[in-house]
Each structure stands twice: as C-alpha cells, then as structure tokens.
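> Listed here are the chains, written in short residue letters.
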Amino acid sequence: MDQILLSLMIFIPLLGMIVVLLLPREQEELIKRATLAFTLIPLILAVYLFINYNTSTANTQYFVSVPWIDTFHINYHVGIDGLSVTLLLLTALLGPICVLASWRNIEKGLKAYMALFLLLETGMLGFFAALDLFLFFVFFELTLLPMYFLIGVWGGPRREYAAIKFFLYTLFGSVLMLVAIIAVYLNSGAPDARTFDIPTLITLASTPGHALADPGFQMWVFLGFFIGFAVKVPIFPFHTWLPDAHVEAPTAISVILAGVLLKMGTYGFVRINMAMFPEGLDIFTNGDGILGHSLALLGFINIVYGSFCALAQTDFKKLVAYSSIGHMGFVILGLAARNPEGINGAVLQMFNHGVISAMLFLLVGVLYDRAHHREINGFGGLGSRMPIYTGITTLAFMASLGLPGLSGFWGEALSLLGAFQEFEILTILSTIGIVVGAAYFLWTLQRVFLGALNPKYEELPEINRREIVTLVPLGILTIVLGMFPSIAINMFYVSVSNLVGIIN
Amino acid sequence: MVVPLISIILLAPLAAFAIFALFGLAKRSFPRQDILSTAAMLVALGCSLYLLTEVVPKPDPYTVEWISLGSVTFSMGFYLDSVTVIMLIVVTLVSSLVHIFSIGYMHGDPRYPRFFAFLSLFSFSMLFLVVSDNLLGIYIGWELVGLCSYLLIGFWFEKDSAANACKKAFLTTRVGDVGMFIGMMMLFKKFETLSLHGTNGIFTLIADPAKFTGDTSDIVWLSGAGVLIFCGAVGKSAQVPLHTWLPDAMEGPTPVSALIHAATMVAAGVYLTARMFPILTPSSSLVIAYVGGITAIVAATIAIVRFDIKRVLAYSTVSQLGFMMLALGAGSYVAGLFHLTTHAFFKALLFLGSGSVIHAFHAMHAHHDEEHAEGNQHEHDDHGLVHEHGSEIPPDQDMRNMGGLRRKMPWTFGTMLIATLSISGVPFIFSGFWSKDKILAGVLGRAMEWNSVHHYILFAVALVAAGITAFYMFRLIFMTFFGEPRNQEMHNMAHESPWVMTVPLVILAILSFPVVNTIWFNKDYIKPPDQHHVQAPQHADISPNNKTGKVDFGFSIFGISEAHAAEDESENADDAHHGHGPAHTIAMVLSIIVAGLGILLSWLFYHKRRFSAESVATTFRPVYTLFWNKYYFDEFYNGVLVALTVWKSRLFAKFDLSIIDGIVNGVATVTRAVFAAFIGFFDNRVIDGIVNRVAKVIWSVGGRIRRIQTGAIQTYLFVVLGGIVLIILIFRVL
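So the protein sequences, as listed, match chains P and G. FYI, in the numbering used here the residues of the first sequence are 1 to 504. FYI, in the numbering used here the residues of the second sequence are 1 to 734.
Note that these hints are calculated values from the structure, not bench results. Bear in mind the structure is a predicted one, so any value in this text is a computation, not a measurement. Please note: incorrect hints may appear among the correct ones.
Short derived list, chain G residues pointing at chain P, Cβ under 10 angstroms [as the list claims (entries may be wrong)]: (1) Leu-25; (2) Lys-27; (3) Phe-30; (4) Leu-52; (5) Ile-67; (6) Phe-74; (7) Asp-81; (8) Arg-486; (9) Met-490; (10) Met-493.
Heads up, the beta-carbon is just placed ideally off N, CA and C, and yes, glycines get one too.
Generate coordinates for the entire structure from the input sequences, incorporating the hints supplied.
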C-alpha cells in the first residue's frame, strides 16, 4: 500500500486534469473546487510521506521500480530521500495555494488554465521523485509545456515574448542535458546491460575503472547537465529569461516558477551532477586555479549581480525576480563548498526560498490586483491604509533579507558558513549581497508603505480573507522554521551526509 | 530554577507580542495591550531579581542541541553569570519604567496598542541576546533588536524623516552586522563551534593547544575575528564611523529613544564586546580603545552645538558608549560594564525627562496630527535612497523655544538635574562619577603600567571628552529650565506631566545614586574573565615579564608588545591592590577638575551670559562649522557611498538589459534567420529530431501563439495525454 502512495501523489493531479477537462466550461466554481481538491490530495499525501519518512537512513524510501520501456532498459522508478521529500512537500504545498491565488483573477479560459496547472503539478512532483534518468527527463520536459502556455496565454502584455524566451532557453539547456543523458546511457555498460537507473549509475560512476568514472568523461557530461540545470536555477549568464517570465506570468504561475521550478535546477544539480559525477565536480569546486573556484564564483556572481540588479528595479515584480537570482546564488555557493554546512544550508535555502519567494509573489499579486500596476514609485504610505497587508509584507521582506529568527536566515547562514571553510575571500565578498539585499527591500518598503498616503489610494481595500489564507501557511512556516530549522534539516541531513561521503 | 525562570523572562514579553499579532490578523486589537505588555515586563523584572540568588561563580551554560548536521552541531542555550543577571535587571527595569511612562506619553496615539506590542517584541529580543550562551543566539537577538529598532524609529512612518531614519538605522547597523558575521565564520573555522562557554566553548578551546596553538598566524586570525565581531558592536553601539544612524533615530517616539537608543540596545555592543573579552588580543583591544576614544570626543564636540534637545542627548549617548568601549579596549572590563549600567539609568532618565518636556508643550499629538493631515495633501514624490537630511528642528524639541521651565515642571527639572549631575561626573554622591572615574583610572593605569603612548593619548582624549560632557549637559539644563522663557506662547501651554510619567522619572533618579550600584564595588561579585590568547605553556620560561606565566610572542600591529596583554586584566579593573593607587588618584583629581571646569564654563556661557556662544562660534568659524555639520559624515555617506551603490546598481541593471539580454536576443535573431534559410532550402521533412523541435517552436508556435484560443489548448492537452499513452503502448509492444 505504502509503495503506491508516491505514484498516487504524482498522478492524482493528472487525473484531476482529465476530470477538469470533462467538466462543462461554464461551471467555473465547480472547476475551481475540483482543481483545489485535486491539489489538496497530493498535499495530504506529501504531509503523510513527510511525517512517515524514516530520517535515520539515507536509503531510498517508498520506491517503486517497474519496467517501462524494456528495449532501452527504461524503468518507471520513483522513490524519495530526505532531499526529495522536502521539495515534494514544498511543491504540494504551493499547489493549492496557487489555485486559491488564481480564484478571482483568471479572466478567460479558466478550465484550460486549471487543467494545465494540474498537468504542471504532475510534472513537478514526478521530477522530484524520479530515479530513472529517462523518467527524470520526461518529467523535466513535462513542466515545460504547460508553463509555456500558462505564461503565453494568461500572461501580461509581453507574454508571447516572455513565453518563447522561457521555452527556448530551457529547451537549449535540456538539449544539452539530453545529449549528456544519452552519453551516460551508452557508457553505462555493454549494450544489453545499459541502464538509466540513477542509483545504479551513481554506483557505477564511482567504481574505479568504469567508463563512467573517467574524469574526462565526467567533466563533459557534468557540463552538459550543468548547463541544463543552470538555465533553470538560473545561473548568470543564463538568467535573463527569468525577469521577463516573472513579470508577464500571472501571480500563481510566478509563485510556481520561483517556488518550485528554480529548485528543479538546483535539485537536479545535487541529484545528478554532485552525486553521479564527483570527479567532474572536483574539477570545478576543488582546486587552486580559477577552474577550481568556478562554481563558487558563479554563486558569488549570482548573489552580488542579482542583488545589485534588484536594487535598480522600479517594477515590484521584477525586483522580486532579481532578488530570486541573488538568493539562489547562496544555494550555489553552499553546494560549491561540498561540506555538510554548505550543502545542508543550500538545501534548506532551496526550501525556504521556495516558501519566501512564493509569499513575495503572492503579495505583489495582491497589490497588482488592486492598483493594476507594479511601479514601486507609484505607491506610498500604504502602511496607514492596509496595516495587515503591510505587516505580512514586512514579515516576508524580513524573511527574505535573511533576518535571524525567520527561516531565510538559516539557509544563507549555513551556506556562507560552509563556503567560508573553502573559499574565504569569495564568501566575504558575497556578504555584500546581504547588505544590498537589505537595502532594496527596505527601500521598497519605504517607497510603497511609508511616508504620507498617496491620495490616489485612499480607498484601496485591505487584503481579503482568501488572500490571507494563501499567505498565512507560508508565514507560519517562515516563523516556525526560523525558530526551529531542525524540523526541516532533520529530514535531509542524513541524505546530505551520504552525499558528502560520495563526493569526498 | 534557572531555566524555567529565564524561559518565563523570555516568553512573557513574547506572548504579549504574539497576542497582538494574532488579534491583528483578525483585524482586531487586544483591549488593553498596554497593561498586558507592562505586566509581562514586570513579571520578567520579578524573575530577573529572583535570579540574583541563583548566580554561581563558575556557571555552566544550559544548552540544548538546536541543529545537527551529523558531524557538526549547533546548540542554543542560556548562560547565567553575574554580568548576565545585572544586564537582565537593567533591561527589565528600564523597560518596565519606559512601559509605564509610555502609558502617559503615547496616550491618544492612533497606533497605541501597536507601540506596546513592539516594545514587548523588543524586550524579548534584547533579553534573548543577553541570556544566550553562544554567538549564534546572540546574533539572532542582535538582529531582532535591530528589527524592533527599525519598527519603532519608523513608528510615525507618515513622516518622511522617520521613514528615512528607520531605513538608515537598519542599513547602517547591518553593515556592522555583516562584519560580525564574518568574524563568527572565522571563529567557526578555527574552533568548529559558535558556543562560547562550557567545555566545548570557544573560551575553553582557546586554551587548548590542539585547537589553538597560539603561533603568529593564529593570533592574527584571532585578532581579525575580534575586530570583525567588534564591527557589529560599532554598528549597534553607534561608534564612529557607523554612528550616524543614532541621532536620526530620534525620529522615533521619545520612550523608544530612552529604552532602545540610550539604555539597552545600543549598550548591547558594549555587552557583546565584554562577552568576547577572552578572545580579544592586544591588537584588537587597541582598535577597540581607539574607536571608543575617537567616538567619545567626536560625538561630544558635535553635541555642544545642537539645539534639538533629543539630538544633544543622542550625541551624548554616542559619546558615553565610546567611553565604555574605550574602557573595554583598555582592559577595564568592570569599568566598562559599570558605566553601562549607570549610564542606562541616568540616560534613560534624561530621555524620559526630555520626553516629559516635549509632552509639556503638548505639541506631540498636535504635531503628529498636523503631520498626518498635511501628509494627505502632500505632493507625492519619488523618494530617493539618498536623502538630504533636513535640519529643521520640531518646535517642541528646540531648546531655543524653552527656558525657565524649572518652576513649571519641578519634578521633571529635579530628576533631570540629578541625571545631569551624574553624567557630568560630579563627585562622590552620583553614580556616573564612580563609573567614569573607573574608566579614566583604568586607561591611565594601563598607560602607566605599559608605558604606552597610545593609552596616554587615549586618557587625554577621554579627559577632554569628560569635560565637554559636563559642559553640554549643563548647557541643556540652563537652556531648558533656567532663564526667562524664550517662547512665551509655548511656555504658557507647558505643564507638569501626569504621575504615570513622573513616577518613572523619580525611580530612575533614585537609581542615579551609587547606593544601588554597590554591586560594582564588590570585588568578588564580578570577575573579569581571563584573556587566554597569549597563553602558551611551551614558551613560558623565555618570557621577560613572566609574572603570570604568559608570554611575549613578539607579534604586534600597533607597536605594543603582545606580552602586555598577559597582565591580569583585573589589575586595571581592581586597581587598589596592584599598585595603581597613583593612577587612580591622578585620574580622580583630573576628572573632578575637568567636570568642574565644564560646568563652570557652561554656567558662564548659558546662565550668567558672561560670554556669548555666538561670538565664540564666529571667532572659531571653521571649527564651529565642522561641529555643526557633524564632521560631514552624512554628506560623505549620502554623496559618495550611497550614491555610488545606486549608480552601480543602475549600471548592473543596464548591463543586464542591454549586454546580456542583448546577446540572448541577438542569438535568437541569428538562429531564426539561419533556420529560416535552412528550412527554405531543405524540405521540411528532412529536418527531424531536435532541430525540428526548435524550428517548430520558433517558426510555427511563435507565429501562431497569438491565435491560440483556449479551445486549442484543450485539444493540445488531449493530444499530449494521447501521446503519452501512445508512447507507452508503442514501447510496450517493442
């Protein structure tokens, strides 16, 4: 029974999609409720998995492996470890929140929107559970198409440009990844012993003398996967799709984009690049020259570059988008450190950034729905008009700028602490991002909420109950994980220790 | 009993805040938030007093593992020694009195409940900082008090000046905090822990040759870490060059200035530096001493020329914090902390007294309402990150509108006079004299003992600053309470404040006498911790001054031999039995002379009007201009640092948009052209696989997306679904 839970969680949204498609188009309330139900079930299952996950072992749990395409030794192999169960929970949590956030502001084609959203959710959940390289790739691609339409059809004025840019960028990355996957498959053994199975490949890649263990080979496939994931994260200079996609995407899709899709990049990096190609990783993280510092350098660039770009933005949503680039830089920096502090910090940062950036995009959406613009300088003094909204925004900003006591702090702090063991100068330089991060958030807070109330917005309605419901669970998470980060860390530190063992 | 009591101390104010937040989410407010918050604080005060009986000489920390990463763990916990308990009492006592005062002062404010909730949150954070046994916990409390400071400075956020001030405070202190975090990372790299006390704490490990060999590179590393952690204190305790936020923080309500920006939060930097005492090397100590000394004199000179009563007190606070840092840097552990506690009481009193004066003019609410009304019509402009800070002084805070208030407000006048006598260092019966004297004696003692030019200079600087302190404080008293009213209209409105405000003043006035500070004269109660950093048994016998078994490593940054640090710190703190009699006597005599001189000059200038301050200002125009413009720190920061940052950010954004994104779009255009030619040349069917996909997206989807209707998407979805099923079936068959 337990074995089927994971697959059930993955495919219930797909089932939901079929159900939604069969419902009559006019029944909008029904469609919304059905979608909500089909996203709540995976959430319940994810919570169940989270609670029942055995944290004392790094072994894969709840795994299912059945042959799928025998000719190419492709299996339907899914399972979870500490890392994936954490991100599955994040994904499943954001599902219903996004449905609620789409409750009132999808003006056309609600049915198709909800159906695509459910398809997207299956893709994301499957991705984090897949343990077969081919399946992994299928789910990876499965998120791409619905995302393309969700931005391209329901987005803002420049939606077509943004959607195509997003699609081509990601496609460019996944082509390289596909080539790497095929290369790994072909080198995995004799023609009838080839495999796509991730755990098997990890073992093979660290078997001395095996073709997969060759450092030269590892370097090239490492790069192939890396670029594929780097586009998703996004890592400088592959990041320019992100601000455009965010600005054009509807609120809920921005939430998914920042909350989950970016994590697919870093998750893939941990799962494939780090675990499967330790020799390749060595070249880019463990050496004296520029090459040995390259990954940390990219993390540093992301942090500082993203933060400075965010400081210059006057579009609220674009600012949050650039801040995401900066915050994902801490993940890269932490992973580059390869030690328990760094990697645990990075994984924690993935989860916390998912929660916090989701809050930020929801909050931007709340304001946009009322004022119909996002120009930071066009507001002012909203603090006296919308005290609750201001309070929640302050919480989210503080969490995002890494205030201790809120969850954002721990991921950043541990990543930096880990990175400092390996790259002292780069880490010290990266802390510039912490100051600039505070600067853009506080400056925004001032321009939007402080000062005298802009007379244009004297009648702006306060945040409503539905919107509060979408924000409160995330707010509670930032506070609780801010005080007790071990709730999250305990889920994955054993898996991370195992990974650290493979790397070193 | 210790853990439950500390838990109550922390949870009571936290609960008061949580209740406010929960009610707030339901768009309501708790009926008597003021009583709730005040009661929580009184409970914490009671528990703190009880903890006095629980102090033991060599306490172990109470820790619990907070984060485990397998091989590395981080713990959280409480540490209760005599210094902790004194800090607890100071914080809870001042906080309780400020709560009570605020019931009167903030009465009628539209956000009255919120004010008390924020005070509660602040008290929790501050107390958490105080009781934490490790750097991580201290850092958490440290940043949370910063948040509360931000929220309370910006309490009247409709005022642009308040909105600017709170942002400035947060960002300036964050610069220091980042330094502190880097220092923590350095300590972590060396010791693999952030705990301070206990068997696995840094203070124990530092004496362990396996962890810390004590060779030059280790000492350099430790000095660096010490200075960087001190950076946090520079920010929070408003030391030069990060002091500029504190005077602006006076935009907050006056009780906030008393509690956060005079008595407790700004003293947290002093507390932190004292806590880190065992890891301070002579080099880092000297940096601390110089920063403290420079701050003491710079802020004092700025204070002389201010007219805003709150700004005078703010610069005075900066200056006094400099004294405390100087003491710690000169190794006078006890003196620094002693001054922290005496200063907390008399400076809180001075601020609350000034609040009482402001309240007397009854302009606070009127002013606030007026601002509020004005704000609505206010032309809404683009706030820059750079601000020209207006030097207009609110009329109710301008000493040039005051005068002769002593008869109208006898309680306020009497209590403020006591505080002024205390801060000015009037001998023997006021606490401020004793603590300041201890600092001066400590610095002079070190100078004589080490024969150190640095410390002679610092002693001279401190002495001058002490004289200036007496001068500007009496200037404040004379301008406010003596002479004839300068603004008759406002004077007529003035009245003594209600008892909820005067009672806290009286209590604080009593606390400004040394009788309650006798704890500091008890030599056994507070013992300075050892500074282990140069202890290295393997060299013990080659040291020339091997009095205490500690040695000279010959390492020095500032020309002082590290060996001197080997002297037992208690020699300075406890000067009686180590032959510092002369230092103490000289310091005491000199400090009495400078205080007397300062008061005399102030009397001649501002009461007798024997000299004219204006003509002196004209004669020494350049000096006066420098003081008036606060040494141009703000101009430098706004004009150079902030402007540069903003300029750089715009440059980055432009680069991102035109170069990086330009390349991306360029590649797309080229690709598109190439594919167009390619497709035109070959048959469509030739192109398969990946190329086909790319081409299709660019060519067909790109062109057709405009026409995509939702119906088409449904078709698409069915096709996708069908496709998946089909693929599975096909592969199955194969």
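> Are the hints correct? Go through all of them and say.
Going through the hints against the structure:
no.	hint	result
1	Leu-25	holds (7 angstroms)
2	Lys-27	holds (7 angstroms)
3	Phe-30	violated (15 angstroms)
4	Leu-52	violated (29 angstroms)
5	Ile-67	holds (5 angstroms)
6	Phe-74	holds (9 angstroms)
7	Asp-81	violated (24 angstroms)
8	Arg-486	violated (31 angstroms)
9	Met-490	violated (26 angstroms)
10	Met-493	violated (27 angstroms)
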